[in-house]
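Produce the entire structure from the sequences given, and follow the hints as far as they go.
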Amino acid sequence: MNQQGDGKHLDDKVAVVTGATRGIGRATARALGRRGASVVLVGRSTAENRNRVLPGTLEEASAELAGEGVEVLAIPADLRSAEDTERVVEVTLAERGRCDILVNNAAFMPSGPILEMPPRRWLAVFRINAVAPLQLIQGFTPRMFERGWGRVLNVSSGAAVVCPPDLFMYGSSKAALDRLTSELHLEAGGRGVSFNAIRVGAVGTEQWQYANQTGILERQGTDSAEPVYDPVAVAEAFTWLILEPSDRSGGVYSFADLIELGSLDPGARIA
Amino acid sequence: MVAHDFEGKVALVTAGASGIGAATALGFASAGAAVLIADINEEDGSAFVEQLRNAGHRAAFFGGDVTLEEDVEAMVAAAVKTFGGLDCAANIVGGMDGGDFPGNYVVESTVEQWDGTIVANLRATWLSLKHEITYMLDHGGGSIVNISSLAAYLGRSDASVAYAVAKAGIIQLTKTTASLYGAQGVRVNAVAPGLTATEGVKASLTPEQQIPRGHVIPRMVEPSEIADAILWLCSDGSAMVTGQTMPVDGGWSAR
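Going down the list, the protein sequences come from chains G and L.
Counting in the working numbering, the final residue of the first sequence is number 291, and the numbers go up one at a time with none missing.
Counting in the working numbering, the final residue of the second sequence is number 341, and the numbers go up one at a time with none missing.
It is worth saying that the hints were derived from the structure and are not from the lab.
It is possible that some hints are incorrect.
Claimed, not checked - Partial list, computed: chain L residues near chain G (C-beta under 10 Å):
1. D91
2. E93
3. S104
4. A108
5. A109
6. A111
7. S116
8. A117
9. A120
10. R144
11. T168
12. F169
13. G171
Stated by the list, open to error - Cβ-Cβ distance ranges computed for the label pairs, FRET-style:
14. D104(G) <-> L240(L): 45 to 53 Å
15. S132(L) <-> P184(G): 24 to 32 Å
16. Q296(L) <-> E115(G): 32 to 40 Å
17. E91(G) <-> I297(L): 37 to 45 Å
As the structure is a computational prediction, the values presented were derived from the model and not from experiment.
All residues carry an ideal CB built from backbone N, CA and C; glycine is no exception.
Right, dumping it as structure tokens:
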């Protein structure tokens with residue numbers, strides 16, 4: 021458990037990680053890259069089009085990995101757009117020939133009273149959190165099946181099961197992603213390709229730090245006594261699941277499950 | 087950014103998609119306010135709003151032109167409809183318009199340039215005040231901040247003559263409006279920025295020009311530092327301040 025990537029187990033693999041600019045996505049891309057994977061980073065924040073709330077750009081994430089000797093390709097894309105999402109598939113296949121590991125990590129998490137949120141926002145949340153993952157899965161899995169090896173890891177959330185009403189749109193989209201994961205396993209699992217989801221709990225990402233500092237967690241009612249995990253430890257747990265044989269498929273794992281399985285270090289907390 | 091508490095408040099920021107407006111919108115949001123960002127640039131405005139929402143803030147976008155009265159009315163209505171009220175407003179819209187440009191002085195200016203800049207600053211700010219205050223008077227008051235400029239204080243600035251005159255007009259508009267409605271709970275102040283390091287300004291200046299000679303403190307003002315002043319003027323900390331224009335100019339106006 022929790023090896024820091026010394027063993028190169030993913031040398032001939034191509035990994036696509038969405039939402040890789042910061043947080044869990046960036047840490048996961050790094051963990052996979054350190055194990056030898058060629059990494060494709062997908063994100064929206066670029067030097068030209070910065071996120072004005074949270075720090076970091078795709079270029080910075082990409083330079084960090086390249087500096088560590090990881091083969092890296094950055095694809096700026098907005099997963100709200102079906103065209104952009106399709107372009108992620110096209111560019112990856114053109115530049116790297118395939119995707120062996122797909123980590124659907126990008127997410128949109130607006131909050132607010134259900135009765136006051138415009139219904140179209142629910143569509144936007146589903147577009148990014150559920151539909152774009154399916155689009156990428158459909159784009160990449162044919163090559164995985166051809167080669168008889170593939171890993172699809174969908175980043176879900178504890179909010180799929182229970183969350184404050186303010187986060188209902190997010191939580192419901194994660195519930196959909198969980199179902200997508202288990203249904204995909206039933207339909208297509210067992211040919212060397214696994215479909216799993218991890219319901220992340222609180223993770224000390226840039227977004228969490230910001231929300232903690234600005235009182236957003238308090239307002240959302242998500243500032244519970246729940247432990248806050250180090251993104252690096254979470255990325256290690258993701259990597260463990262990816263390194264598992266493909267017959268570990270169709271699972272939807274909580275942090276508690278991962279701790280029980282020995283893949284998430286219960287001591288790796290930032291709060 | 088100094089910590090303020092705007093939890094439960096609704097703030098409106100015009101020209102909120104970029105520059106000083108975006109810094110102000112982020113300041114209000116970080117301090118707990120729900121923010122309506124109004125801007126003529128729908129693409130930048132919507133993208134920024136989504137970044138704010140994704141970070142957990144309450145924010146919405148209104149696309150419109152605040153030199154047009156129907157847009158201003160719709161903007162105030164949108165804040166009220168979306169977030170249930172309007173407590174604070176930052177009227178940031180301004181700049182040079184109608185082909186007006188920095189260094190365009192009295193003899194060179196055309197009627198189109200003059201009118202463009204006067205309308206973009208004075209009409210926009212007056213119309214915003216008109217409809218913000220109309221709502222606030224009926225709903226327990228509020229606090230509003232306008233944007234003047236250091237150019238309003240200097241005989242000859244690098245801005246255009248129309249811009250300097252319009253920004254001087256904002257100082258008087260601020261005083262007049264504050265005097266008229268202060269007793270009914272509406273405070274109105276202005277901030278007069280010195281050379282401010284917005285992306286647009288930085289792109290237009292050489293590295294030497296980015297150390298403004300006029301500033302006593304030898305650097306440009308950060309947009310977040312203008313936002314800090316605006317937030318303070320909207321906060322209860324400035325409860326007895328109204329009708330004032332506060333320079334945030336690295337000491338330029340003190341020279």
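Hints and how they fare:
| no. | hint | verdict |
| --- | --- | --- |
| 1 | D91 | holds (9 Å) |
| 2 | E93 | holds (7 Å) |
| 3 | S104 | holds (9 Å) |
| 4 | A108 | holds (6 Å) |
| 5 | A109 | holds (8 Å) |
| 6 | A111 | holds (9 Å) |
| 7 | S116 | holds (5 Å) |
| 8 | A117 | holds (8 Å) |
| 9 | A120 | holds (9 Å) |
| 10 | R144 | holds (6 Å) |
| 11 | T168 | holds (8 Å) |
| 12 | F169 | holds (8 Å) |
| 13 | G171 | violated (13 Å) |
| 14 | D104(G) <-> L240(L): 45 to 53 Å | holds (47 Å) |
| 15 | S132(L) <-> P184(G): 24 to 32 Å | holds (26 Å) |
| 16 | Q296(L) <-> E115(G): 32 to 40 Å | holds (39 Å) |
| 17 | E91(G) <-> I297(L): 37 to 45 Å | holds (42 Å) |
Of the hints listed earlier, the one the structure fails to meet is number 13.
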